[in-house]
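Q: Chain order of the listed sequences is A and B. Here the numbering used here is used: position 39 in the first sequence is 39, and no number is missing along the way. Here the numbering used here is used: position 258 in the second sequence is 258, and no number is missing along the way.
Derived by calculation from the structure, the hints in this document are not laboratory data. Be a bit skeptical, because a hint or two may be false.
Pairs of lysine-lysine, DSS-like flavour, derived with a Cα cap of 30 Å [as the list claims (entries may be wrong)]:
(1) B:LYS104 <-> A:LYS236
(2) A:LYS104 <-> B:LYS236
(3) A:LYS350 <-> A:LYS123
(4) B:LYS123 <-> A:LYS236
(5) B:LYS5 <-> B:LYS123
(6) A:LYS177 <-> B:LYS236
(7) A:LYS104 <-> B:LYS179
(8) B:LYS179 <-> B:LYS339
(9) A:LYS104 <-> B:LYS177
(10) A:LYS179 <-> B:LYS104
(11) B:LYS81 <-> B:LYS350
(12) B:LYS179 <-> B:LYS236
(13) B:LYS325 <-> B:LYS5
(14) B:LYS123 <-> B:LYS83
(15) B:LYS179 <-> B:LYS123
(16) A:LYS104 <-> A:LYS81
(17) A:LYS123 <-> B:LYS236
To list a few chain A residues with every Cβ distance to chain B over 12 Å, as calculated [said to hold, decoys possible]:
(18) SER77
(19) LEU125
(20) SER168
(21) ARG288
(22) ARG289
(23) ASN313
(24) VAL334
(25) LYS335
(26) GLU352
Predicted, not measured: the structure shown is a model, and the values here were computed from it. Here a beta-carbon is modelled for each residue, glycine too, at the ideal position from N, C-alpha and C.
Protein chains: 2
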Amino acid sequence: MYNAKAYSVSSPASPFVSASIARRDPTEHDVQIEILFCGICHSDLHQARNEWSGMMPTVYPCVPGHEIVGRVRKVGSAVTKFKPGDLAAVGCMVDSDRTCPECKADLEQFCPNFTLTYNFPDKHLGGVTYGGYSESIVVDERFVMRAPSNLNLAGVAPLLCAGITTYSPMRHWGVTKGKKVGVVGLGGLGHMAVKFAHAFGAHTVVFTTSPGKKEDALRLGADEVAISRNADEMNKHAGSFDFILDAVAAEHDINAYINLLARDGNLTMVGAPATPLPVAVFGLIMRRRSFSGSAIGGIAETQEMLDFCARHNIAADVEVIPIQKVNEAYERLVKSDVKYRFSIDMASLKSE
Amino acid sequence: MYNAKAYSVSSPASPFVSASIARRDPTEHDVQIEILFCGICHSDLHQARNEWSGMMPTVYPCVPGHEIVGRVRKVGSAVTKFKPGDLAAVGCMVDSDRTCPECKADLEQFCPNFTLTYNFPDKHLGGVTYGGYSESIVVDERFVMRAPSNLNLAGVAPLLCAGITTYSPMRHWGVTKGKKVGVVGLGGLGHMAVKFAHAFGAHTVVFTTSPGKKEDALRLGADEVAISRNADEMNKHAGSFDFILDAVAAEHDINAYINLLARDGNLTMVGAPATPLPVAVFGLIMRRRSFSGSAIGGIAETQEMLDFCARHNIAADVEVIPIQKVNEAYERLVKSDVKYRFSIDMASLKSE
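Please model the complete structure; the sequences and the hints are all you need to start from.
A: Structure (structure tokens):
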């Protein structure tokens, strides 16, 4: 066991402060990673502020962060995938039971016994797991991915959650060249969805409430932008989409988007509104449409996504901040005031 | 043009009365069918009473009926599939544009220019189409199916709507041996769904609010019956279904069923509640579940379904009535007092 510098919160209302946390010494299958960048996901904020108290109550102190990229410093004796000096990445999970049907299908994200990267029972040290707002992390090599070396590492970090969360459903529902794909909401997840849909060769349409985002959407790879409050712009696309990815976690009229789907089209939610969304069944019946959800992706698919990003030069658009600005960043996150993801430069933690 | 005996309603509140309607003389591609049996679908009642006034207002007089089985009496000069004396069947559609992508994909039910069997503009005679509550009908051979000769014809009629509506989504979503399938609601559609799921080799569970239906569900082919108001009986099945067919058109808690789906499970609605159903998105996200709808089936698939029924000795459980009892049957239909479909014996019309 050793001590690592980190930033933690001690209650729902308290700010992040510098702290010291315990990390285990690497066991034979473990990789110790010096964290270079950690993205700030909206989930971090929900967890830090205990906004999911019903489902996943926060254990304090809490160290969030599950968009982690860094450099391997030490490896256990049985580790084969990594050696010191390698670039490595860790996402939302650090373990699973490895024996259930979900794990055997490379879908660890649905394993009933997974271990999330933070605020989950820590099987090694007791207490809860601590995430990436820290100088280092120790993870079983089976849950560590190889990170691309040709990309801006600050922009690679968000691929571990925002990236895989949008890549996986598009792969699952068959987004390819020749398909028409919609992306609802141009935030951290949405901007990655646009990059992927474009890279897959799909005709990509961004739906946004903000006319001001139009230019940026086109720059990110959209072929068209529709202002969702403009009925004409919406109607123009009626019945035409093969797939729509909806990254809006706030309440919104989902039927307006379901009606844009072609026959056999699918709309997948990756944001989870707090209250149920009213779905007009007739809209589903008439074109055999489907409405579904998707959660991150498995470890193998996350590696596949990172390799895809390396080949296609895809990384998140980030605003890099020092860890000392994390409280300010959270305030801006609440207002969606970031293009499109904060990425914490962990070198800033060395001065603490 | 010739006159045919029929039963029609002249306003939303008036009863069915004996009437005479015009049918066209068969054109070269047409088949003239003497109707032997016509099932009573809940849609007939909605249309007769103008309960879909917003979407599909009723033109009076109205002759419903789209579960038609009969015997070919005359064929046009270009007809190749049928000859006089053959058994034939007609379902919900009597025409489509035949050129759109949906028609080319054998999915005429999604053709934007289809012609429904009743209350739809009649391209031949003007006015609207008249359905199967009649002694005969004239239909283009492309929309006429061959009917099985080894089954009780009264029970074959409902296959043309209740049958294909449940068969098609199970085929589409891959119901086969080894899968676990749920059926919600044991009415006209539900009882067909149980027969098909059982015939496909799936482990079939019926959900019903009525303990009294348990024995009947088992007789129809269910492996298990769960009383949906019993939380223990529901929880027992959490996360275990590959597919659930929901045939309940009334409002109900859809999330209770979505939560019974396994990873990648699908719940398909074939009933359309009048108001939107609130869907908890988190339940979709956690196991990549999907929620969808399905409408009848294409002509080729309807024929496939009829052939499947012939091979597996499947027909609807019907209560045969003379046409003179149709008003009484409608009153009972409103109370779901029928096991499981009314089938009108059209021989009764001869005495009118």
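Q: So, for every hint listed, does it hold in this structure?
A: Structure-based check of all given hints:
{"no.": "1", "hint": "B:LYS104 <-> A:LYS236", "verdict": "holds, 24 Å"}
{"no.": "2", "hint": "A:LYS104 <-> B:LYS236", "verdict": "holds, 24 Å"}
{"no.": "3", "hint": "A:LYS350 <-> A:LYS123", "verdict": "holds, 28 Å"}
{"no.": "4", "hint": "B:LYS123 <-> A:LYS236", "verdict": "holds, 29 Å"}
{"no.": "5", "hint": "B:LYS5 <-> B:LYS123", "verdict": "holds, 21 Å"}
{"no.": "6", "hint": "A:LYS177 <-> B:LYS236", "verdict": "violated, 43 Å"}
{"no.": "7", "hint": "A:LYS104 <-> B:LYS179", "verdict": "holds, 19 Å"}
{"no.": "8", "hint": "B:LYS179 <-> B:LYS339", "verdict": "holds, 27 Å"}
{"no.": "9", "hint": "A:LYS104 <-> B:LYS177", "verdict": "holds, 22 Å"}
{"no.": "10", "hint": "A:LYS179 <-> B:LYS104", "verdict": "holds, 19 Å"}
{"no.": "11", "hint": "B:LYS81 <-> B:LYS350", "verdict": "holds, 28 Å"}
{"no.": "12", "hint": "B:LYS179 <-> B:LYS236", "verdict": "holds, 17 Å"}
{"no.": "13", "hint": "B:LYS325 <-> B:LYS5", "verdict": "holds, 16 Å"}
{"no.": "14", "hint": "B:LYS123 <-> B:LYS83", "verdict": "holds, 24 Å"}
{"no.": "15", "hint": "B:LYS179 <-> B:LYS123", "verdict": "violated, 44 Å"}
{"no.": "16", "hint": "A:LYS104 <-> A:LYS81", "verdict": "holds, 19 Å"}
{"no.": "17", "hint": "A:LYS123 <-> B:LYS236", "verdict": "holds, 29 Å"}
{"no.": "18", "hint": "SER77", "verdict": "holds, 35 Å"}
{"no.": "19", "hint": "LEU125", "verdict": "holds, 27 Å"}
{"no.": "20", "hint": "SER168", "verdict": "violated, 9 Å"}
{"no.": "21", "hint": "ARG288", "verdict": "violated, 5 Å"}
{"no.": "22", "hint": "ARG289", "verdict": "violated, 6 Å"}
{"no.": "23", "hint": "ASN313", "verdict": "holds, 29 Å"}
{"no.": "24", "hint": "VAL334", "verdict": "holds, 21 Å"}
{"no.": "25", "hint": "LYS335", "verdict": "holds, 23 Å"}
{"no.": "26", "hint": "GLU352", "verdict": "holds, 36 Å"}
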